[in-house]
Amino acid sequence: MKTTFFFFIKRIGLITALLVLTGCAAYTLKPAGVTKVGDMQFQSTMTWNKIPSGLGPKTEVWTGDGALLNQFIFVTGIENGKGMFRDFSKDTPMPKFNSKVLPHELKTLVETSLTNTSGGKFPFTGSNLKPHKVGDAMGIEFDLEFFNGDGLLNRGKVLAFVKNDKLYSVIFSAASTYHYDNYKAEFDAIAKSIKL
Amino acid sequence: MERTLHLWLALASLVLSGALQAEPYKANFDPGYRPELSSDEGGFWYQVDKIEESVKVSPDLVTDPALNQYVKDLTCKLAGDYCPHIRVYILRSPHFNAGMYPNGMMHVWSGLLLRVDSEAELAAVLSHEIAHFLRSHQITQWRSLRSKASAAIFADMILTMGLASLSVASGAMAFSREQETEADLYGLQLMTHSGYAPEKASALWEYVYQESEQDKSKEKHSTFFASHPKSKDRMTLLSKKATEINASGKTFKTNSAEYLKVVSPLYIEFMNSHLSLQDLGRTEAMLERHTRMGYPKGTVEFFKGELCKLRKGTNDETQAMQHYRNSVTEAQHPPEAHRELGYLLVKTDPKAAKQHLENYLALAPAASDKEMVQFYIDSANQ
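Sequence order for the protein chains is A and B. Residues in the first sequence are numbered from 1 upward in steps of one, following my numbering. Residues in the second sequence are numbered from 1001 upward in steps of one, following my numbering.
Just chain A, same shape as in the assembly:
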């Protein structure tokens, strides 16, 4: 009994230490200014934190106050036939990107990919779809809305475009109360300054 108790305490200590260490190591400060994610260059106007996400190899996630309150997902250079994110459930696999898609079709691709990060439990819906050019690449911009697991309404904005047969996207989402309004100008600033 005694051995089991000490083994348990030791294990908890080890796990805590690992969490603290890996947690600290994985957060990186991203100061305001010109920056590059993958081969996508843009200008941010405030300081962000790059955080671990597990979404997939060609993604990077930033947050200001914690991913549950606000976040940017950058998707850079998804190739034809690949998903935007890794598969989270075998019942809801990631839709595959087809480099020959028309711009409007990117909306469903992004919506479904985001929905499938929760195994389909929390659907993301887009609205206000508009064309959006990035350099000479035709893309789209649209608004995003979803309820998270606690029933909290989140809103966001998405930019997606295809360049050299590869998919690029900037996905901003935040709690609809305060955070969305507070950070949406940053999305516009980033979207406007993208260069490849």
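Think about it this way: if two alpha-carbon atoms lie no more than 20 Å apart in a straight line, the pair counts; the simulated SDA-like pairs of lysine to any residue are:
1. A:96 to B:1280
2. A:100 to B:1347
3. A:133 to B:1375
4. A:121 to B:1281
5. A:100 to B:1349
Treat the hints as calculated values from the structure; they're not laboratory data.
Once you've looked at the hints, dock chain B against the given chain A.
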């Protein structure tokens, strides 16, 4: 092994139904019953009351007044003197399910409303849920779980859960198969007492069984199937009882048209929510049923087009175009059928594409995607 188990359950159900058939079922408590707060049941009610407060402000609550009034009236008709103690909440969830809680809170999911084909079938489900309530099944099950070793942990888990986890909790706290059989038979008693055709109960299970056959991989994950006996077993028992009841010569009602009239205005919203499941086999079965039921053809054809578009098979694009064409030839069709047809024609027939996209904007001038659509119209002009 599983087949043997089902056979045993079916036999047990038949024996149980035979044994209880002579005496009509009665509620375990009088209308207006509320347990003492100091009792275990009172504490359980208190926690469920708190969950109900969050359901009242849930973003998933369907607030359409006509639909809510219709389901409420039907529940009242079936529950009789217990009507004031049952509160129905219609929730936007595309799965096939309904739920009853010990304090009188009832959930009806939009996925259930999409599958039910008549007032009689809805009455079958509501009666089943009311029967769980009247026979105090949940508190019985709660006490049974509590007596087990893991119950303390389980209690903490379920009672601290929010609305989002409620369906998971409901699955974990599944009624026993005996309770489900009792609710089926008591439910049948309630629905026939209100004049609804008893064969519609087994007919619904027959459909549910057929639909689940379209997608075997998902039945085991379904919240509903995690807590309910296999639909084939229920079908057999309910069908046998319906034959006995119908032998009396009494006439019963189905009220299909009444049901369609109330649910049709929400059909597009519920189907859009269903499509987010990406459950293509089930969607196909549902759309065939909706065609037979008489939902507006232009709308059903639009969703058949959406299904083909999602499936992305070899001929699916051609089939999708045909369904959208079928949709737009109907007087009542979603404007989006023109948009989708236009988008599919952009590469092959820009002139026709432009015409359909213009039709879309003419029918939906305030569409939130009009800038995108206008971009394609302008491109076709160049």
